[in-house]
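K.L.:
Residues per chain are reported as follows:
Number of protein chains: 2
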Amino acid sequence: MIFERLADSLRTAQPAALVTRLDGPQTGAKLLVHVDTAWGDLGTSGLTHAATQEARALLAAGQTAIRTFGEDGEPVGMDVRVFIQAFVPKPNMYIFGAIDFSRAMARMGKYLGYTVSVIDARPIFATKARLPDADNVIVAWPDDFLASAPVDERTVLIILTHDVKFDIPLLHVALRTTAGYIGAMGSRRTHANRIEALRRSGRSDAEIARISGPIGLDIGARTPEETAVSIAGEIIALRENRRGGRLIDGTLPVHNARLADAML
Amino acid sequence: MIFERLADSLRTAQPAALVTRLDGPQTGAKLLVHVDTAWGDLGTSGLTHAATQEARALLAAGQTAIRTFGEDGEPVGMDVRVFIQAFVPKPNMYIFGAIDFSRAMARMGKYLGYTVSVIDARPIFATKARLPDADNVIVAWPDDFLASAPVDERTVLIILTHDVKFDIPLLHVALRTTAGYIGAMGSRRTHANRIEALRRSGRSDAEIARISGPIGLDIGARTPEETAVSIAGEIIALRENRRGGRLIDGTLPVHNARLADAML
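These protein sequence lines are chains C and S, in that order. In the numbering used here, each residue's number is its place in the first sequence (first place is 1) plus 154. In the numbering used here, each residue's number is its place in the second sequence (first place is 1) plus 154.
In isolation and in its complexed conformation, chain C is listed as follows:
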């Protein structure tokens, strides 16, 4: 039953995690977790619930891992290990504009596990030689490309075209997608001009608020690599509903504490 559902998930490219219990009498018990539903039972309802939550967190990151819980799912417990196998297609990062900076951004995208495509209408700039880390280098008009490209909630759009002529049509298309991140590079003034142009052509403030501009976290990035760190940080923070800032300044638990523990 669970394997049939898993086969369905794989056939329809739906993200799914298969959880297998590794300890105790119910060793081998299985759970199939989707973003919005789950099937199966790991032995106790607490463990099933905790493992479901953890599996969804790993689905969001596209990661497979072993996690350890108490018998009833206690997060600090060490009784039961579960193996959480994520079946998730890699998310897409589309970088619009084959400028010098695109190379550093493409490398960062690969580091974070994205399938990276760079799109530029100019064949001289959009070359694999200039962008060795990109999976795809595509010569196309950015808005035309995006209008027919696969986009879902995990898709990241990074707009480096930096020219109202190109980026306004592109932003119009971007706002019609469900992309999880829409970032546009430029100064505050450039972005204010963009907002004005989008408003004039009927985009609402709520739509415009989906655009991260100026792009990135406020870390004072100076180099292309540092700018890519700033953008990567914002992509992750938005996905996790965080505002950035230093952990030392906050009081919430460190989100990755369990991960860090698991790695030690």
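Source of the hints: derived by calculation from the structure; they are not laboratory data. One or more hints might be untrue.
Stated by the list, open to error - Okay, derived cross-link-like pairs now, DSBU-like style, lysine-lysine, Cα gap no bigger than 35 Å in a straight line: (1) Lys319/C with Lys264/C; (2) Lys282/C with Lys282/S; (3) Lys282/S with Lys319/S; (4) Lys282/C with Lys319/C; (5) Lys319/S with Lys244/S; (6) Lys244/C with Lys319/C; (7) Lys264/S with Lys282/S; (8) Lys244/C with Lys264/C; (9) Lys184/C with Lys264/C; (10) Lys244/C with Lys282/C; (11) Lys244/S with Lys282/C; (12) Lys184/S with Lys264/C; (13) Lys319/S with Lys264/S; (14) Lys264/S with Lys184/S; (15) Lys282/S with Lys264/C; (16) Lys244/C with Lys264/S; (17) Lys244/C with Lys319/S; (18) Lys282/C with Lys319/S; (19) Lys184/C with Lys244/C; (20) Lys282/C with Lys264/C; (21) Lys282/S with Lys244/S; (22) Lys264/C with Lys244/S; (23) Lys244/S with Lys264/S; (24) Lys244/S with Lys184/S.
Given the coordinates of chain C, assemble chain S onto it according to the supplied hints.
P.N.:
Okay, now just chain S, sitting in the frame of chain C:
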């Protein structure tokens, strides 16, 4: 005279930037910039001053670049290009603890231009095979190693030992250095315990405040790579005296706007 001083800088491994004017009647005029002093003249005092500031910013990042100014150093001007050649040894990143996460952190360190060394007392873990991106993998006690390692303001210390037995002696040594970044991984509780132990052995609050713990920016990092982004962002933000929130939430100019413009 300037070349002699440059030779001195190179011989003593002191960071230095050689600035050359590329436009106008004083084309070829030169300026040698150290962190705390400068020699030479680019034509106007405003231009000399602006180029000196910019050269120091590039020294901090270890970067060489062309910058454009007005004739009297106006930042938005386009009259004069200057070539700023930084002569800076790569900064050191020391990662203490060869845990699984160290691999992702080492790769991030290389991406940002550090010479990366991973130090661990356990020969089974401290191997080049487990840490392919590290420049050096060193089997040594962390505190012994750091007591004799070269450290300056650009040096980054990342402490992953995650065990009071190792990390308290190491933090004592770290606080005696001038390292620009001292980060220690662990939960808020782990870090509270560390602070307590350091206080008991006489460290002041001002000293303890140099330690970034919990380490990193609050982006909800889930994977080793995302955690490395969070730490990299904090390293840059601290160097630049930024707090790491989203640029979209701020009102200050985007620090890298000139860089971004130069790249387009």
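K.L.:
Given the hint that Lys244/C pairs with Lys319/C, does the C-alpha gap stay at or below 35 Å?
P.N.:
31 Å, holds
K.L.:
Does Lys264/S sit within 35 Å of Lys244/C, going by the straight-line distance between their CA atoms?
P.N.:
24 Å, holds
K.L.:
Can the restraint linking Lys264/C and Lys244/S be considered satisfied, given a maximum Cα separation of 35 Å?
P.N.:
24 Å, holds
K.L.:
Is it true that the CA of Lys244/S sits at most 35 Å from the CA of Lys264/S?
P.N.:
10 Å, holds
K.L.:
Given the hinted pair Lys282/C and Lys319/S, is their alpha-carbon gap at most 35 Å?
P.N.:
With a Cα-Cα distance of about 50 Å, the restraint between Lys282/C and Lys319/S is violated, given a limit of 35 Å.
K.L.:
Measure nothing beyond the straight line between the CA atoms of Lys244/C and Lys282/C; if it is 35 Å or shorter, mark the hint as holding.
P.N.:
21 Å, holds
K.L.:
Run the distance test for Lys282/C versus Lys282/S: straight-line Cα separation, threshold 35 Å.
P.N.:
With a Cα-Cα distance of about 30 Å, the restraint between Lys282/C and Lys282/S holds, given a limit of 35 Å.
K.L.:
Within 35 Å, alpha carbon to alpha carbon, are Lys282/C and Lys264/C?
P.N.:
Roughly 15 Å between the alpha carbons, so the hint for Lys282/C and Lys264/C holds.
K.L.:
Straight-line Cα separation of Lys244/S and Lys184/S no greater than 35 Å?
P.N.:
24 Å, holds
K.L.:
Does Lys319/C pair with Lys264/C here, judged by a C-alpha cut-off of 35 Å?
P.N.:
Answer holds: Lys319/C to Lys264/C is near 29 Å, not above 35 Å.
K.L.:
So if I understand the rule, the pair passes when the alpha-carbon distance is 35 Å or less; does Lys282/S with Lys244/S pass?
P.N.:
21 Å, holds
K.L.:
Could you grab the alpha-carbon distance between Lys282/C and Lys319/C and see if it respects the 35 Å cut-off?
P.N.:
Status holds; Cα separation ~25 Å.
Comparing the model with each numbered hint stated earlier shows that hints 12, 17, 18 do not hold.
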